[in-house]
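Okay, here's what each chain looks like letter by letter:
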Amino acid sequence: MSKPESKAAGKSEVVKDLSMLKQKEMITRNYDALTSAPETGRKVAATFVPGNLNELIQVFGLLNNLPEINAIQNGMRKLSGDYILEAEKRGHSEDVCTYVKADLGSMAKGNLAPNGKPLPRPDVLLLSYTGCFTFMKWFELVRNEYKCPTVMLHVPYQGEGTTTRNMRDYIVKQLKQEVIPKLEQVSGVKFDIDRLRELMRESAKAEDDFVWVLETARHRPSPIDAYFGSVYYTGPIFTAFRGTPDASEYYRLLRAEIEERMAKGLGPITPEGDMKQQKYRLVVEGPPNWTSFREFWKMFYDEGAVVVASSYTKVGGLYDLGFRHDPDHPLESLADYAMGCYTNMNLPQRVGLLEKYMKEYEADGLLINSIKSCNSFSAGQLMMMREIEKRTGKPGAFIETDLVDPRYFSAANVKNRLESYFQMIDQKRRVASAA
Amino acid sequence: MCAAPVPAPSPTAPIVARCQELFDDLDFGAARRWKAAAPGRKVVAFMPVYAPRELVHAAGMLPLGIMGAGESLEVIHGDAYYQSYICRIPRSTLELGITGRLDFVDGFLFPSLCDVIRNLSGIWKLLFPKVYVRYLDVPQNFTPGMADEFWVHELQELREGLGKLAGVEITDDALRDSIAVYNENRRVVREVYAYRAAEPWQAPSSDVYLLMRAGLVLPVEEHTRLLRDWLAAARSEKRQRRDNTRIVLNGVFCEQPPLGLIKAIEMAGCYVVDDDFMLVNRLLIGDVPVEGDPLANLSTAYLTRSEETASKYQPDQAAKGQYIVDAVRRNGAEGVIFAAPSFCDPALLERPMLEERLDRVDVPYIGFKYAENSAQMQPVREQAGTFADSIKLWSTP
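Protein chains in written order, with the working numbering: chain S, -15 to 419; chain V, 3 to 399.
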């Protein structure tokens, strides 16, 4: 099934599976649709990744533009640093979220999509306020620029470690009385609940395959990397493609590729080919750094470290805990989805989840990549690490980088810490085997 | 040679001195004494910016506002919980908890102000499992009729949780009485603010600050009396009026600057005529009705008649930031000083939008950052002094 293709000959050769090519084609097509919106007349909604209402957005025929994804694209293409500086020049503090500043700086410099064409002005800002305070200020800031309608969907936080009927009813009420009428008004399309059910049915199919893929990391060797590799796997399901046949096909392809890797006893595919040895199995908490993503990943696979579970791959939903979009209860299901995202869980829940991953995936340790920009993730991570160490007896490690600000990625420091951490795991093993 | 005349003691001095003592006391002796004065008494702490203290009061418990530990406490344990790029208030608050300074606190409420305070609620749950900890998910959807039911229900859950903690049923009548008590307090708080705005030379902002801080640790009835006493004392003396610049201070709603920073701004030639310190004391605008359903009344008051601040969503793009212009005009201010804690997302993300509003109406402003343990006040004094002078020299009369 897997027919890796080489991008270029030589040392920088990047190996790509069919699923990767499929995703690339989907992303390209989506950006083309977005940048050609002024000509095609299609309307555009901008919204955030966690708890996004992609199925609902599609019911109205709207294109979905996700500013975090644009920031990631700009980070990986080494453009975000200049955009952040531009935003800071315009009065935005060096202390605040770099996704926001990368977005604002990009807007100031033409707001170009990866295809080199300008992104369209959104027709509506759908402020799904899930798990991150900054989202609210972010859209207040860009709204000032776009002067377009903004719809707030306040998603209550799981402060008590659970969701309640009251929380769900509140979201459903906002959907019925505010979000849907506003999207109808902007798009000129009447809400069709059967179309929503159809899209959610398609979502659930992809979600089944996605979970199957994530859980293959229980195997030894793990056929996937559940952090670096899996951020690509999350792409379609977390963003503008959930609910589309394209997404279902992507996950079918991916599943087949992983099945084949497992059958052959192969490890994950990395930018430099198959990972050969797996000396360390890690659980990772926190988002990755995007500006030096490839270099960061290499520090792991060069040392034989494979990530078997991560929290970042749950920011767009905890499907592995059983959630599926439910076409029989569409609005309630959207509410449950939005509330269930990882950063909408309280800290005791997050600790419990990481502990579960440590045990079920037989990890050697927990690594926290603490992101300067992201208080939602980062505030409390040192306590989380201590708590996991206490509960599992496995060592934790803490590194600090940023999302898309290259000033906060110090390769030498990160590499040094990782090497020390791997030595610590080795030492723990020696002590354990001697006992 | 004649001895210099000894100035008469200021009648406000003993009141301010008492507030200063309360402010300096990081063991919260007043709250501890209140608790010890009768068996079964309990204390419920809360963080900025808004908590419905009426529910705590109606259960016969003492609401205790925690604004970090200020500049005098050395943070040792708290730093081990937070990275360098996170503000200081959660680490000093944890320091208070870990060192036993909050060991008399039975409950702790964490309002939805920002992700740091939100996550602190989870840390508190894990570190202090015997304490009743609740995150207050204060609504962000202000479209009429959208969040009322949700918030009333959340308040009901809080009422039940606090009632269980106190071992009493919080009745509607008890709640109505508490609403009335807090209405009275809010009226006097606003009277103090109005008095300062009208005659700022009579009401040094460092004194007003201490008065408002006292409201976080004293029983509300006592705080109301204290404010009244201070108003009477302040009106009975005549202080020298200076040609200072009238400014609004914004961004100080959570982590607090050192008291020295407020004094430095004043000494630099500024009268602070409005600020966003201790918003809990006056977030609700006007009286909350005492008749009818008390939870619905509290909910409506928050959703429809509460002060705008950085941690609240503004649904109307055209109105975004207007509140800072209104504060300037209402109080006859000549400029705005933005002072934000380092790494404070709400204040720092809000500031550019407020600055843009001020630009439109040609109101001058400056901004700087601080931490609760900032030590060097000279730069603040120079910056504020230059700002004040430039307004006096160059503003159009």
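Do not take every clue at face value.
Once the Cα atoms are required to be at most 25 Å apart in a straight line, the calculated SDA-like pairs of lysine to any residue come out as [as the list claims (entries may be wrong)]:
(1) K399(S) / K371(V)
(2) K73(S) / A15(V)
(3) K131(S) / K371(V)
(4) K73(S) / A32(V)
(5) K157(S) / Y315(V)
(6) K371(V) / E72(S)
(7) K374(S) / L315(S)
Derived from the structure by calculation, the hints contain no laboratory data.
Q. Which of the listed hints are not met by the structure?
A. 1, 2, 3, 4, 7
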